[in-house]
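Using the sequences and the hints, build the whole thing.
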Amino acid sequence: MRKGLRYCLFVLFLISTLQVFSQLSPGELSSAHAHLEGMKNCTSCHILGEKETTSKCLECHTEIQQLINKKEGYHASTEVNGKKCAECHGEHFGRDFQITRFDKESFDHNLTGYQLEGKHRKITCVDCHKSALIQEKISQKKGETFLGLGTECLACHTDFHQNTLSANCTSCHNQNTFRPATGFNHSTTKFALIGKHKALECAACHKTSQKTGKEFQQFAGIEFESCTSCHKDVHENKFGNDCRKCHNEFSFNEVKSISRFNHNQTDFPLLGKHQSVNCKTCHKTSLTKALKHTRCTDCHSDYHEQQFVKKGISPDCKECHTVKGFSPSNFTIEEHKRTHFPLEGSHTATPCFVCHKTENRWNFANKGTRCIDCHENFHKDVLAVKYLPENDCKSCHSTSVWSEIQFDHNQTKFKLEGKHKEINCRNCHFSDQNQTLTQQFTNLSPSCEDCHEDTHFKQFEVNKRTECRRCHTSSNWKPEEFNHSNARFKLDGEHVGLDCVQCHKPTDGLIHNYIIYKFEDITCAACH
Amino acid sequence: MSGLAHKIYLFSLVTITVFVFIYLAVYGTDYYLTDHDQRFFHDQNELLKPGGFIGHGAGIIGALLMTVGVFGYMARKRFRSLARLGVLKHWLEFHIFLCSLGPVLVLYHTAFKFGGLVAISFWSMVAVVVSGIIGRFIYLQIPRTIEGRAMSMNELNIKKAKFNADLKTQFSLDSAFVELVNASTISEDDLYKGTFFSKILKRLRFEKQQFKLINTELRTRKIPKSKEREILRFVRAEIVLGRRIAWLTTMQNYLRYWHVLHLPFALIMLIIMIVHIIIALLFGSTWIF
Numbered sequence: 001m002r003k004g005l006r007y008c009l010f011v012l013f014l015i016s017t018l019q020v021f022s023q024l025s026p027g028e029l030s031s032a033h034a035h036l037e038g039m040k041n042c043t044s045c046h047i048l049g050e051k052e053t054t055s056k057c058l059e060c061h062t063e064i065q066q067l068i069n070k071k072e073g074y075h076a077s078t079e080v081n082g083k084k085c086a087e088c089h090g091e092h093f094g095r096d097f098q099i100t101r102f103d104k105e106s107f108d109h110n111l112t113g114y115q116l117e118g119k120h121r122k123i124t125c126v127d128c129h130k131s132a133l134i135q136e137k138i139s140q141k142k143g144e145t146f147l148g149l150g151t152e153c154l155a156c157h158t159d160f161h162q163n164t165l166s167a168n169c170t171s172c173h174n175q176n177t178f179r180p181a182t183g184f185n186h187s188t189t190k191f192a193l194i195g196k197h198k199a200l201e202c203a204a205c206h207k208t209s210q211k212t213g214k215e216f217q218q219f220a221g222i223e224f225e226s227c228t229s230c231h232k233d234v235h236e237n238k239f240g241n242d243c244r245k246c247h248n249e250f251s252f253n254e255v256k257s258i259s260r261f262n263h264n265q266t267d268f269p270l271l272g273k274h275q276s277v278n279c280k281t282c283h284k285t286s287l288t289k290a291l292k293h294t295r296c297t298d299c300h301s302d303y304h305e306q307q308f309v310k311k312g313i314s315p316d317c318k319e320c321h322t323v324k325g326f327s328p329s330n331f332t333i334e335e336h337k338r339t340h341f342p343l344e345g346s347h348t349a350t351p352c353f354v355c356h357k358t359e360n361r362w363n364f365a366n367k368g369t370r371c372i373d374c375h376e377n378f379h380k381d382v383l384a385v386k387y388l389p390e391n392d393c394k395s396c397h398s399t400s401v402w403s404e405i406q407f408d409h410n411q412t413k414f415k416l417e418g419k420h421k422e423i424n425c426r427n428c429h430f431s432d433q434n435q436t437l438t439q440q441f442t443n444l445s446p447s448c449e450d451c452h453e454d455t456h457f458k459q460f461e462v463n464k465r466t467e468c469r470r471c472h473t474s475s476n477w478k479p480e481e482f483n484h485s486n487a488r489f490k491l492d493g494e495h496v497g498l499d500c501v502q503c504h505k506p507t508d509g510l511i512h513n514y515i516i517y518k519f520e521d522i523t524c525a526a527c528h
Numbered sequence: 001m002s003g004l005a006h007k008i009y010l011f012s013l014v015t016i017t018v019f020v021f022i023y024l025a026v027y028g029t030d031y032y033l034t035d036h037d038q039r040f041f042h043d044q045n046e047l048l049k050p051g052g053f054i055g056h057g058a059g060i061i062g063a064l065l066m067t068v069g070v071f072g073y074m075a076r077k078r079f080r081s082l083a084r085l086g087v088l089k090h091w092l093e094f095h096i097f098l099c100s101l102g103p104v105l106v107l108y109h110t111a112f113k114f115g116g117l118v119a120i121s122f123w124s125m126v127a128v129v130v131s132g133i134i135g136r137f138i139y140l141q142i143p144r145t146i147e148g149r150a151m152s153m154n155e156l157n158i159k160k161a162k163f164n165a166d167l168k169t170q171f172s173l174d175s176a177f178v179e180l181v182n183a184s185t186i187s188e189d190d191l192y193k194g195t196f197f198s199k200i201l202k203r204l205r206f207e208k209q210q211f212k213l214i215n216t217e218l219r220t221r222k223i224p225k226s227k228e229r230e231i232l233r234f235v236r237a238e239i240v241l242g243r244r245i246a247w248l249t250t251m252q253n254y255l256r257y258w259h260v261l262h263l264p265f266a267l268i269m270l271i272i273m274i275v276h277i278i279i280a281l282l283f284g285s286t287w288i289f
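Chains as they are written, first to last, in this note's numbering: chain B, 1 to 528; chain E, 1 to 289.
FYI, nobody ran anything at the bench for these hints, they're computed from the structure.
The calculated label-pair distances, taken between Cβ atoms and stated as ranges, are:
#, chain 1, residue 1, chain 2, residue 2, range
1, E, Glu46, B, Asn185, 54 to 60 Å
2, B, Ala86, E, Phe197, 45 to 51 Å
3, E, Glu46, B, Lys56, 16 to 22 Å
4, E, Glu46, B, Gly94, 18 to 24 Å
5, E, Glu46, B, Ser106, 17 to 23 Å
6, E, Val126, B, Cys42, 24 to 30 Å
7, E, Phe197, B, Gly94, 37 to 43 Å
8, B, Phe184, E, Glu46, 51 to 57 Å
9, B, Leu165, E, Glu46, 49 to 55 Å
10, B, Glu52, E, Val126, 32 to 38 Å
11, B, Thr208, E, Glu46, 54 to 60 Å
Built from N, CA and C at the ideal position, the CB exists for glycine as well.
And the structure:
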């Protein structure tokens with residue numbers, strides 16, 4: 001037995017020298033618990049006399065204890081409730097041992113209290129359960145735990161809105177996709193989308209920029225009180241900044257209240273006839289599309305078809321017309337006088353259309369300045385060419401009065417004298433025969449009787465001709481040239497003082513009565 | 001115990017040991033082939049882990065078997081009061097059985113995970129088992145009486161002389177054949193040169209050649225087959241006897257040395273096993289209790 005005792009002591013010595021007591025551990029601890037390696041630390045996890053370690057585990061892993069107390073998380077789920085830690089989490093299996101291991105494909109994440117939906121179901125565990133996202137202070141090393149993640153979106157996801165919107169992401173987004181924000185209802189904002197705003201891409205209003213070095217799309221704090229916050233004021237504030245007075249959200253071009261629109265606030269105030277023109281007449285495609293309006297021809301066609309072009313440039317309509325109407329024109333006589341054909345005389349009183357309107361169409365083409373260009377040669381070939389050289393009416397007529405003839409009759413064979421100077425040309429050169437006006441300028445007889453009526457009924461006819469000039473002059477019809485002394489009955493005595501009528505009595509009872517100047521019987525008895 | 005009963009007894013012991021070894025190996029193949037750090041997640045972990053129902057049970061039963069096997073055999077050998085209790089040879093066989101089955105069960109208790117303090121116990125156990133096998137070999141090389149007592153050199157020489165005489169008288173073989181057989185049982189000094197194992201191998205190779213020569217020689221004598229087989233068995237026994245006589249001194253020395261090794265390993269194993277059990281109890285591993 002002494003020999004056996006020696007063996008025992010030898011063995012104990014051997015064990016102590018080999019420090020094998022430090023090898024009491026059934027196996028190396030995992031890396032997470034490596035700091036608990038060694039005999040002194042056994043009771044850090046184990047309770048002497050008891051196999052159970054759960055209470056010791058939870059002494060360190062307080063975050064799990066807290067979750068269990070709060071009945072939150074996987075460890076408070078029905079699947080785990082009542083289990084000991086060691087049933088799922090082995091130890092003493094070496095540094096590389098996974099204390100926490102489970103079938104990630106079949107794990108029911110609902111048990112954690114955070115239901116995976118949408119894309120969360122497709123990603124891998126480590127996409128979320130990674131050290132960078134663990135914010136809570138927990139006993140386990142980051143990267144080796146599934147704890148410590150917040151359930152709010154921003155615990156994992158970057159706040160794309162950079163704290164400009166609510167932290168409750170799910171009020172707008174779902175777990176299927178970040179874009180579009182299907183849960184977002186623009187109607188719940190202060191700016192409900194109406195009309196074409198509905199069809200717009202969000203980015204049209206919510207611009208993307210760089211903020212704090214990151215892409216940032218602004219959703220909050222966008223000015224929307226005035227349309228011009230987003231839209232360019234094409235009217236350059238001429239109509240105020242309340243665009244909705246005229247426009248609506250359905251169409252910029254559909255002006256909702258044209259009657260209220262004050263066109264006079266534009267660069268083109270509506271005056272005259274423009275006031276009664278329908279908007280569409282000018283604004284054919286769009287009421288808001290800018291129209292050229294510096295020249296009338298920007299809208300109006302050139303009625304005159306470039307008849308007024310000078311040096312290739314047409315004068316604008318307003319030089320002659322006003323917005324009150326095309327007619328009458330404000331082209332004055334004075335202005336006409338500055339043309340190639342200054343209006344004079346009767347031309348000034350002649351309506352424009354007389355000269356410039358043919359077949360119901362105004363025509364201002366240069367017709368020529370000669371009378372014949374407008375007027376018909378009334379005399380045709382009746383008048384001798386020498387008195388109408390080159391059909392120039394001005395040789396006799398003036399523009400003042402047609403009937404005012406400036407013809408020097410003395411150049412003819414029949415010089416005008418006496419009353420002939422006073423009478424109208426027509427009296428001699430025109431005759432109305434059978435209601436047909438006949439003119440005659442040539443071959444007119446210089447004899448009085450060819451023009452004048454013989455009121456004496458051939459009493460003084462000699463050789464079948466009555467020579468009026470024997471008694472009369474062209475000054476008047478008084479027989480100034482008559483000398484009773486040259487007659488068969490010479491006046492003397494009391495006869496001298498008598499009125500002619502006392503002797504020369506008119507006939508009576510004839511269709512045409514006349515004064516009898518020539519008596520067949522000149523004896524006293526014939527009268528007395 | 002009759003020869004047959006003894007054979008049945010031995011067969012039963014071996015069968016139990018082999019069955020347990022194979023059964024547990026087959027039952028836990030998948031588990032035991034799983035990496036250590038993955039076993040926790042194995043379906044059989046709760047059963048086959050060292051603290052599991054089967055694993056822990058195997059450890060407890062194996063430890064008990066070894067304890068009984070070691071201390072029972074020690075007691076039988078050391079306490080006079082037990083000296084008449086059964087045949088020592090049978091005790092040794094039962095000792096070997098218990099200390100084979102026990103380590104087999106302990107082996108499965110370890111789940112083939114050898115580390116920590118208890119590994120010293122395990123490897124000590126392995127050392128004890130291996131040394132036991134070697135010891136058993138050495139033990140067998142020392143001829144013994146039917147009770148198991150080691151025979152002296154004189155007794156062996158007498159026995160060998162009787163063998164020679166029997167060859168001549170019982171099988172009517174000539175002197176030349178007997179000489180041939182004797183030549184196969186030469187003393188160790190004639191052959192042994194080199195290391196321990198090379199000496200053994202040389203001896204066994206020599207004996208094999210001699211046996212083949214004897215066999216050839218025996219056939220030239222045209223002896224009936226049945227008798228020939230009996231002679232060969234007889235010759236083989238004589239060759240073995242000769243070998244054992246040749247190795248007797250050496251083996252006796254080896255057996256002495258072996259005892260010096262075998263027991264300390266057993267003690268180391270037992271002490272650490274006790275420490276292991278205490279620690280296990282301290283940490284609440286009480287198996288089914």
